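Asker: Residue strings, one per chain:
There are 4 protein chains.
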Amino acid sequence: MEELISMPNHSLIAQSLHCAEAKVNTNGDGFGIGWYGHKPEPGLYRDTQPAWGDENLLSITKQLKSSLFFAHVRASTGTATSRSNCHPFSVGKWMCMHNGQIGGYEDIRRDVEALISDEFYRCRQGTTDSEALFLAMMSHGLDVDPVGSVQQVLAKTLELMHENDITAPLRVAMALTDGERLYAVRCSSDKIVPSLYYRLHNNSLSVVSEPLEKGGHGWYEVPCGHVMVYGGDNAPCFIPLDIPDKFCKVA
Amino acid sequence: MEELISMPNHSLIAQSLHCAEAKVNTNGDGFGIGWYGHKPEPGLYRDTQPAWGDENLLSITKQLKSSLFFAHVRASTGTATSRSNCHPFSVGKWMCMHNGQIGGYEDIRRDVEALISDEFYRCRQGTTDSEALFLAMMSHGLDVDPVGSVQQVLAKTLELMHENDITAPLRVAMALTDGERLYAVRCSSDKIVPSLYYRLHNNSLSVVSEPLEKGGHGWYEVPCGHVMVYGGDNAPCFIPLDIPDKFCKVA
Amino acid sequence: MEELISMPNHSLIAQSLHCAEAKVNTNGDGFGIGWYGHKPEPGLYRDTQPAWGDENLLSITKQLKSSLFFAHVRASTGTATSRSNCHPFSVGKWMCMHNGQIGGYEDIRRDVEALISDEFYRCRQGTTDSEALFLAMMSHGLDVDPVGSVQQVLAKTLELMHENDITAPLRVAMALTDGERLYAVRCSSDKIVPSLYYRLHNNSLSVVSEPLEKGGHGWYEVPCGHVMVYGGDNAPCFIPLDIPDKFCKVA
Amino acid sequence: MEELISMPNHSLIAQSLHCAEAKVNTNGDGFGIGWYGHKPEPGLYRDTQPAWGDENLLSITKQLKSSLFFAHVRASTGTATSRSNCHPFSVGKWMCMHNGQIGGYEDIRRDVEALISDEFYRCRQGTTDSEALFLAMMSHGLDVDPVGSVQQVLAKTLELMHENDITAPLRVAMALTDGERLYAVRCSSDKIVPSLYYRLHNNSLSVVSEPLEKGGHGWYEVPCGHVMVYGGDNAPCFIPLDIPDKFCKVA
Numbered sequence: 001m002e003e004l005i006s007m008p009n010h011s012l013i014a015q016s017l018h019c020a021e022a023k024v025n026t027n028g029d030g031f032g033i034g035w036y037g038h039k040p041e042p043g044l045y046r047d048t049q050p051a052w053g054d055e056n057l058l059s060i061t062k063q064l065k066s067s068l069f070f071a072h073v074r075a076s077t078g079t080a081t082s083r084s085n086c087h088p089f090s091v092g093k094w095m096c097m098h099n100g101q102i103g104g105y106e107d108i109r110r111d112v113e114a115l116i117s118d119e120f121y122r123c124r125q126g127t128t129d130s131e132a133l134f135l136a137m138m139s140h141g142l143d144v145d146p147v148g149s150v151q152q153v154l155a156k157t158l159e160l161m162h163e164n165d166i167t168a169p170l171r172v173a174m175a176l177t178d179g180e181r182l183y184a185v186r187c188s189s190d191k192i193v194p195s196l197y198y199r200l201h202n203n204s205l206s207v208v209s210e211p212l213e214k215g216g217h218g219w220y221e222v223p224c225g226h227v228m229v230y231g232g233d234n235a236p237c238f239i240p241l242d243i244p245d246k247f248c249k250v251a
Numbered sequence: 001m002e003e004l005i006s007m008p009n010h011s012l013i014a015q016s017l018h019c020a021e022a023k024v025n026t027n028g029d030g031f032g033i034g035w036y037g038h039k040p041e042p043g044l045y046r047d048t049q050p051a052w053g054d055e056n057l058l059s060i061t062k063q064l065k066s067s068l069f070f071a072h073v074r075a076s077t078g079t080a081t082s083r084s085n086c087h088p089f090s091v092g093k094w095m096c097m098h099n100g101q102i103g104g105y106e107d108i109r110r111d112v113e114a115l116i117s118d119e120f121y122r123c124r125q126g127t128t129d130s131e132a133l134f135l136a137m138m139s140h141g142l143d144v145d146p147v148g149s150v151q152q153v154l155a156k157t158l159e160l161m162h163e164n165d166i167t168a169p170l171r172v173a174m175a176l177t178d179g180e181r182l183y184a185v186r187c188s189s190d191k192i193v194p195s196l197y198y199r200l201h202n203n204s205l206s207v208v209s210e211p212l213e214k215g216g217h218g219w220y221e222v223p224c225g226h227v228m229v230y231g232g233d234n235a236p237c238f239i240p241l242d243i244p245d246k247f248c249k250v251a
Numbered sequence: 001m002e003e004l005i006s007m008p009n010h011s012l013i014a015q016s017l018h019c020a021e022a023k024v025n026t027n028g029d030g031f032g033i034g035w036y037g038h039k040p041e042p043g044l045y046r047d048t049q050p051a052w053g054d055e056n057l058l059s060i061t062k063q064l065k066s067s068l069f070f071a072h073v074r075a076s077t078g079t080a081t082s083r084s085n086c087h088p089f090s091v092g093k094w095m096c097m098h099n100g101q102i103g104g105y106e107d108i109r110r111d112v113e114a115l116i117s118d119e120f121y122r123c124r125q126g127t128t129d130s131e132a133l134f135l136a137m138m139s140h141g142l143d144v145d146p147v148g149s150v151q152q153v154l155a156k157t158l159e160l161m162h163e164n165d166i167t168a169p170l171r172v173a174m175a176l177t178d179g180e181r182l183y184a185v186r187c188s189s190d191k192i193v194p195s196l197y198y199r200l201h202n203n204s205l206s207v208v209s210e211p212l213e214k215g216g217h218g219w220y221e222v223p224c225g226h227v228m229v230y231g232g233d234n235a236p237c238f239i240p241l242d243i244p245d246k247f248c249k250v251a
Numbered sequence: 001m002e003e004l005i006s007m008p009n010h011s012l013i014a015q016s017l018h019c020a021e022a023k024v025n026t027n028g029d030g031f032g033i034g035w036y037g038h039k040p041e042p043g044l045y046r047d048t049q050p051a052w053g054d055e056n057l058l059s060i061t062k063q064l065k066s067s068l069f070f071a072h073v074r075a076s077t078g079t080a081t082s083r084s085n086c087h088p089f090s091v092g093k094w095m096c097m098h099n100g101q102i103g104g105y106e107d108i109r110r111d112v113e114a115l116i117s118d119e120f121y122r123c124r125q126g127t128t129d130s131e132a133l134f135l136a137m138m139s140h141g142l143d144v145d146p147v148g149s150v151q152q153v154l155a156k157t158l159e160l161m162h163e164n165d166i167t168a169p170l171r172v173a174m175a176l177t178d179g180e181r182l183y184a185v186r187c188s189s190d191k192i193v194p195s196l197y198y199r200l201h202n203n204s205l206s207v208v209s210e211p212l213e214k215g216g217h218g219w220y221e222v223p224c225g226h227v228m229v230y231g232g233d234n235a236p237c238f239i240p241l242d243i244p245d246k247f248c249k250v251a
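Protein chains in written order, with the UniProt record's numbering: chain A, 1 to 251; chain B, 1 to 251; chain C, 1 to 251; chain D, 1 to 251.
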């Protein structure tokens, strides 16, 4: 994991200092890694320090080997800096991380949380919109119909925003996995879409907000309005998100 | 503030290491202080370190003078250790800290949160039952009828627990203030009531979980099932909580 | 203090995210404030979080009033992110903060520490070159001859660097105070000198790495190779540092 | 690792709350784990939170498998709570953790640090006596003559204490490893010796301050005044420390 997290010249740690494509300059509001080892459930290491100064992160990523892991650096869009608000989030074998935001979240927070079933509301540890989306997807059958549950939750969220006259956009660049399949979601209700790239290399897939190496080749954008599904054996496939036009012109 | 927080032989800092009367031995899951200075809103300093090792706390309390302040050491009853979950909580000029818990909170968390109005749900920063009770009280008119709002929220909480067949108790030792008046609430739905003491000394009132000095005199228990109200000029008065018998035999 | 720390459009908190003139982009490796209140010793609040996400900093600075305070955001030049390495440092009534570095510090760390007397070596809490310089100055009579002790320690440090064939520069932008007088030191052994500005406004002096307001007027550079001394009543005076030419061509 | 760190009824995490045999009640001033994986150098995860509330620790130990690891909970004997002061310490392939203290350390800190060679003084990240002892041992040939270097450093430390008329004791319960062999040192200059136990079980050796299970059998004390050496294949052997009588009556 060290190779991807700390070593490339545009690594996660470098990205936490300077994001070339993000709207914020610094992702210093905590970070997290999640990885699958010999158990079905992922391991998580999250902290509120900036990634670039965290000796633990360097040491842990030097030791870990994993065929599937997430890494995230956070720039808060308003909620507090706490471990519980750091990505990735995990419930059982599922893990999720997200760049983006629900426009006007503070106005519809409780409504968004109402998309979470009682079963998964217990798992709510923080206060972010990202964790709420993930738990809502878990509640809508992420485990049995991943793409369907993503679609439903995004559509319902857009409907809530619409009902509450929120004009700020919904922007989503989200990665979800059950430890076997990876789902990368990229969409936006306006024309600004968070960046999301992937690369297939030596039979391994990387999905990142920004290419890990400056000018590196082999990196492709996840197309906007799509879910990329990758199961390890074939090429990734891309499923268009079926979200009503009135909510999401661009998708 | 140093005199009360760090200097007595049974100070808050000492209490964070050894609580003589609490059911847990160590209050090491964060701490907080809140104080009123020259503004209507209190200042807060909260952190997730144990109070006893925090140089900032020592330094800040050495400098501060305040005629009204709260200090709290936390032993989590299940929710995460984060600053947002540390007491005191504050909204506008109001401040609250709490020892105790809502029995079976995980099962009725959303119902308890539903006692919070939209206006104050925006202020929800953490995930604790304590903050939920405080925001529910704010939503029920803490600012205009403090004792009434406390009563209503506790009664509604007990009703929720009853409806959900929760047998674990509601135990409350809570302090609330608007910077002028202090309200100290002590009650329980079973026979174990969190300790809460007060002392009037040199025209200043202290309210603590445990007397600040071992064997110190002048300390009295806040009577169970009562709200103590103190406005700075008179003796504190004690108002019995009017909570239906079926919910709260002991109160 | 809020007015200077969190409110101007180029406040300390804003500076922690983007330093217009510093060689690093982000000062996210901790921060600190120190202030004088009713005691001779200053209060300190330092933490390893980035300043911009710290609710405690916002709340504390809202409450504090002080006629003399320091505020610092840190970009580590190599040593660990820990509270003990965060500025300001304080011993007794003295307080110090520093931007800059001793070139080749890792090679002469023990020699620099040998400039600290036994009395003040006890006060060494961290591992930074900045704290070492401060304690060395304390050891060389900061309390009785501030400018002289600064000069001696800088000259001895340059001599140590010279003896050890260190070509990396010594760069110093340091503020020292005993709670009554302020000493601002600015010098460098090469041509790149850390920025240091001051402004006299309403009988109060501000000394900062960068002007607190973009394009604000009334800000002047502390001249390189000088110590600015300000005692509260007169205009600041500027004393040239008397450091041997061979060590410090530019000074 | 989870089995040993979080699961037994007297696990490290439980010990961080209540130490049955230690002189302090609570080991809440940080913790650390170090483990060997597929690299010669160990991984480290250390933090200043109490171990019992750290979700990262739970998650990481669930994932890790290691044939050799250290785990430590810290009760500070005076130095600051910072990650750099948390055990285990590591240099290259070596790792060290320690319970105990150098009596009067503040008076002889610089002398003890003078036992560290320039090569290893660079590795000094914190300010503890424990790290100083470890780096002094590295400087005295821990890599080529482990028991000899331990003996020399302890003898020199005792001599320094003697020269400085320190009557407070040197107490040592230290574990050292290069990833292949384990060295457990237990001695004291007075009659109170920090506890240190070991157990051989399924060809694996555990060395702990306190038996991991209350009343568990198979646990034996490391004899005072000895270094236990264990290489993985044979039974552990015990080498008496050869320290001059005048310094260490009990050893």
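A couple of the hints might just be wrong.
The list makes no distinction among identical chains, and a pair is therefore deemed to hold if it is satisfied within one copy or across any two copies.
Each computed SDA-like pair below joins lysine to any residue, with the alpha-carbon atoms no more than 25 Å apart [unchecked claim]: (1) Lys-62 / Glu-159; (2) Lys-39 / Glu-163; (3) Lys-156 / His-201; (4) Lys-191 / Asn-56; (5) Lys-156 / Asn-234; (6) Lys-156 / Ser-204; (7) Lys-93 / Gly-148; (8) Lys-39 / Gly-225; (9) Lys-65 / Glu-113; (10) Lys-62 / Ser-188; (11) Lys-93 / Asp-107; (12) Lys-65 / Asp-111; (13) Lys-39 / Ser-139; (14) Lys-93 / Glu-113; (15) Lys-65 / Glu-41; (16) Lys-191 / His-38; (17) Lys-65 / Gly-225; (18) Lys-65 / Gly-179; (19) Lys-39 / Ile-166; (20) Lys-93 / Glu-106; (21) Lys-156 / Ala-168; (22) Lys-156 / Leu-241; (23) Lys-191 / Ile-166; (24) Lys-62 / Glu-119; (25) Lys-62 / Phe-238; (26) Lys-65 / Asp-178; (27) Lys-93 / Pro-40; (28) Lys-93 / Glu-55; (29) Lys-62 / Ala-235; (30) Lys-156 / Asp-145.
Hints were generated in silico from the structure; no laboratory data involved.
For clarity, every value in this text was computed on a predicted model and none was experimentally measured.
Asker: Are the CA atoms of Lys-156 and His-201 at most 25 Å apart within a copy, between copies, both, or neither?
Answerer: neither (36 Å within a copy, 55 Å between copies)
Asker: At most 25 Å between C-alpha atoms: does Lys-156 with Ser-204 qualify within a copy, between copies, both, or neither?
Answerer: neither (34 Å within a copy, 54 Å between copies)
Asker: Given a CA cutoff of 25 Å, do Lys-62 and Phe-238 count as a within-copy pair, a between-copy pair, both, or neither?
Answerer: Neither: 33 Å inside a chain and 34 Å across chains, both beyond 25 Å.
Asker: 25 Å Cα cut-off: does Lys-62 pair with Ala-235 within a copy, between copies, both or neither?
Answerer: For Lys-62 and Ala-235, the Cα distance exceeds 25 Å both inside one copy (29 Å) and across copies (32 Å).
Asker: Regarding Lys-156 and Asp-145, is the shortest C-alpha distance of 25 Å or less found within a copy, between copies, in both, or in neither?
Answerer: within (16 Å within a copy, 39 Å between copies)
Asker: Taking 25 Å as the upper bound on the Cα-Cα distance, should Lys-65 and Asp-111 be classified as within, between, both, or neither?
Answerer: neither (40 Å within a copy, 42 Å between copies)
Asker: Between Lys-93 and Pro-40, at a C-alpha cutoff of 25 Å, which is it: within one copy, between copies, both, or neither?
Answerer: This pair counts as within: shortest intra-copy Cα distance 6 Å, inter-copy 31 Å.
Asker: Is it within, between, both, or neither for Lys-62 and Ser-188, if the alpha carbons may be no more than 25 Å apart?
Answerer: neither (36 Å within a copy, 37 Å between copies)
Asker: Using 25 Å as the alpha-carbon threshold, which applies to Lys-65 and Asp-178: within, between, both, or neither?
Answerer: Both, since 18 Å and 22 Å are each at most 25 Å.
Asker: If the cut is 25 Å between Cα atoms, do Lys-93 and Glu-106 qualify within a copy, between copies, both or neither?
Answerer: between (29 Å within a copy, 21 Å between copies)
Asker: At most 25 Å between CA atoms: does that hold for Lys-156 and Asn-234 within a copy, between copies, both, or neither?
Answerer: neither (32 Å within a copy, 56 Å between copies)
Asker: Check Lys-65 against Glu-41 for me: Cα-Cα at most 25 Å, and say if that holds within a copy, between copies, both or neither.
Answerer: both (15 Å within a copy, 15 Å between copies)
Of the hints listed earlier, those the structure fails to meet are numbers 1, 2, 3, 4, 5, 6, 8, 9, 10, 12, 16, 17, 19, 25, 29, in rising order.
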